[in-house]
Amino acid sequence: MDDPKTPQQLFAPRVRIAPSPTGWFHFGTARTALFNFLFARKTGGKFILRIEDTDQIRSKKLYEDNIKEGLKWLNLEWDEGPDKAGDFGPYRQSERIDIYKKYLQQLLDEGKAYYCFCSPEEIEAQKQDMVSRGLPPKYSGKCRDLSPETVKQYFKEGKNPVIRIKMPNKIIKFNDIIRGEVEFNLDLLEDIIIAKSLTEPLYNFSVVIDDYLMQITHVIRGEDHVSNTPKQIVIQEALGLPRPIYAHLPMILGPDRSKFSKRHGATALSEYQKLGYLPEAIVNFLALLGWHPVGDNEIMNLEQLINNFELERVQKGGAIFNIQKLNWFNNQYLKLLPREKVFAYFEEYMKKYPRKFDLPNTSHEYLNKVLESEILRINNFSEIFTNSDFFFTKNLHYQKDLLIWKGESEQTTKQALIDASKIMESIPEIDFNSINLQAKFYSFIDNNAFYQQNRGRILWPLRAALSGKSASPGPFEIAEILGKKETIKRIKQAIELI
RNA sequence: GCCGCUUUCGUCUAGCCCGGUUAGGACACAGCGUUCUCAGCGCUGGAACAUCGGUUCAAAUCCGAUAAGCGGCACCA
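With the first sequence counted from 1, adding 411 to any position gets you my numbering.
Treat the hints with care, as some may be off.
[Said to hold, decoys possible] Taking lysine-lysine and the BS3-like style, the derived pairs with C-alpha atoms no more than 27 Å apart in a straight line are:
(1) Lys746 <-> Lys471
(2) Lys471 <-> Lys805
(3) Lys880 <-> Lys746
(4) Lys817 <-> Lys780
(5) Lys746 <-> Lys833
(6) Lys780 <-> Lys607
(7) Lys752 <-> Lys817
(8) Lys553 <-> Lys563
(9) Lys570 <-> Lys584
(10) Lys581 <-> Lys567
(11) Lys577 <-> Lys513
(12) Lys763 <-> Lys670
(13) Lys851 <-> Lys900
(14) Lys752 <-> Lys727
(15) Lys577 <-> Lys523
(16) Lys767 <-> Lys900
(17) Lys512 <-> Lys523
(18) Lys570 <-> Lys581
(19) Lys495 <-> Lys523
(20) Lys763 <-> Lys817
Please keep in mind that the hints were generated in silico from the structure rather than gathered at the bench.
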């Protein structure tokens with residue numbers, strides 16, 4: 412099986428997610444990672460993580476960790492990458508400088524790239540001039556044919572050049588799995604800078620070298636890279652390297668249809684983790700942003716996504732990030748996942764994002780019971796604490812009007828609470844659970860014409876007294892969770908309020 | 001400005017390749033029912049082929065133009 416010479420292994424696709432650690436793990440990156448992952452798993456290929464940290468100033472270890480943590484949280488394990496052995500490492504670009512240097516030198520030696528000594532100001536002026544003459548602003552190519560002597564001389568003078576590649580004058584066509592044939596006229600492109608120096612390669616260059624050396628077969632990335640593709644192809648061709656297959660994914664958009672960014676709200680995966688979304692829900696949601704399986708079923712776990720995934724079915728147009736749909740998915744998974752698993756996620760969540768409560772008995776068991784009672788009405792874990800603070804605080808703040816059921820008086824409300832408290836008192840601590848409570852209350856109601864006529868006459872004041880809210884889980888559930896003592900205490904407080 | 005890409009309900013999308021559908025599903029929304037409240041659940045409903053032209057007996061589907069939106073045009077990635 413592991414024989415590397417089997418044809419399947421030889422032709423197995425190799426794909427990569429190549430984030431740059433210059434910001435928090437973004438939803439867009441997560442979706443690109445997911446699609447690469449699904450494609451790799453579906454085709455029996457390899458999924459590689461490569462950290463693109465050639466920008467030494469903006470790259471931070473903190474962000475790299477955040478990206479890796481996010482990937483793991485989503486269950487998108489990579490086959491090769493930093494901290495994971497592979498035959499094509501290192502997988503961090505900052506550790507590959509010597510490799511790039513070699514190829515840069517080769518291009519220079521072959522005259523396919525050249526040193527450019529023009530200052531940024533000089534170039535700016537040149538471009539201004541071109542614009543004023545109605546031409547597209549591009550570098551003039553002034554240093555293109557500098558003699559070796561001149562170059563030597565400039566170096567002697569201490570000038571710091573950049574390295575540009577000679578852009579051929581032709582049309583580049585490439586085939587995109589999602590978009591079909593795309594073509595660019597290179598005449599419109601300048602001789603792009605591929606490195607700041609021999610040891611400071613720039614993105615478009617390092618990508619080409621790494622994709623080649625890591626034997627990447629399919630480059631699956633965001634649509635914002637389509638215009639980089641011709642530049643990268645030029646570099647490949649200059650070096651005589653094979654061209655990978657391209658697939659450009661549609662963008663994730665904000666509600667105003669522009670690229671999903673900070674001004675649209677939270678874009679970092681970790682922010683949603685903090686809000687308490689389940690990774691299963693996020694994966695499912697992300698998968699359906701720009702892709703759709705053949706049937707109507709939308710709830711799919713990772714395994715089902717892998718089985719159904721087809722790059723060819725990926726959408727061309729951008730997709731708006733719709734949090735309501737994410738909420739719905741989260742709701743579904745809260746219900747669908749085995750309860751133990753949800754509890755495990757919740758425990759993990761509470762450990763990662765601890766909270767302080769002023770009710771003394773908030774054990775894991777207690778928290779799980781609260782979650783159980785709230786599970787149908789929350790979009791994420793954090794909503795438990797915003798919706799139902801009454802489970803965690805002994806100080807309820809509400810107006811006495813809240814206790815009064817529609818059409819009733821203070822008098823009947825008070826009586827209802829007194830009746831309720833008596834029933835509560837009559838139930839021994841050991842039997843104080845919602846099933847018993849409901850049975851006791853219902854039999855009491857059945858023997859009382861006034862309450863039987865309209866159960867709200869007693870149930871509403873009870874529930875309001877326990878929760879201090881107009882919307883909450885049912886009174887028996889709340890009572891069980893709170894326990895006999897706290898329950899009676901709250902009813903008494905409500906009686907005094909009236 | 002230049003280059004490229006895109007366009008089906010408010011949103012995500014199916015259908016388009018291989019013309020004939022009451023244009024399907026999901027989210028959201030509205031109504032009804034269940035119900036002490038909220039949620040849930042069940043049922044019902046409104047809601048789209050960007051525009052113009054061409055081909056055809058017939059166009060969401062094929063062809064052409066237009067418009068609009070987005071992305072890119074860094075010594076960032």
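Given hint lysine 523 paired with lysine 512 - CA-CA distance at most 27 Å: Given pair lysine 512, lysine 523 holds - Cα atoms ~15 Å apart, limit 27 Å.
27 Å Cα cutoff - pair lysine 817, lysine 780: Cα-Cα ~30 Å, so violated.
Hinted pair lysine 851 and lysine 900, Cα distance within 27 Å: Between lysine 851 and lysine 900 the Cα gap is close to 19 Å, so the pair holds against 27 Å.
Given hint lysine 727 paired with lysine 752 - CA-CA distance at most 27 Å: violated (36 Å)
Pair hint lysine 471 and lysine 805, alpha-carbon separation not exceeding 27 Å: violated (44 Å)
Agreement of lysine 763 and lysine 817 with the hint, judged by alpha carbon distance not exceeding 27 Å: Given pair lysine 763, lysine 817 is violated - Cα atoms ~43 Å apart, limit 27 Å.
Proposed proximity, lysine 900 with lysine 767 (alpha carbon, max 27 Å): holds (22 Å)
Straight-line alpha-carbon gap lysine 746 to lysine 833, limit 27 Å: violated (36 Å)
27 Å Cα cutoff - pair lysine 577, lysine 523: Since the Cα atoms of lysine 577 and lysine 523 sit roughly 6 Å apart, the hinted pair holds (cutoff 27 Å).
Hint consistency between lysine 577 and lysine 513 [alpha-carbon to alpha-carbon, up to 27 Å]: holds (18 Å)
Given hint lysine 746 paired with lysine 880 - CA-CA distance at most 27 Å: It holds: about 24 Å lies between the C-alpha atoms, which stays within 27 Å.
Restraint status (C-alpha distance of lysine 763 to lysine 670 at most 27 Å): Violated - the C-alpha atoms of lysine 670 and lysine 763 are around 30 Å apart, more than 27 Å.
Hints 1, 2, 4, 5, 6, 7, 9, 10, 12, 14, 18, 19, 20 from the earlier list are contradicted by this structure; the remaining hints agree with it.
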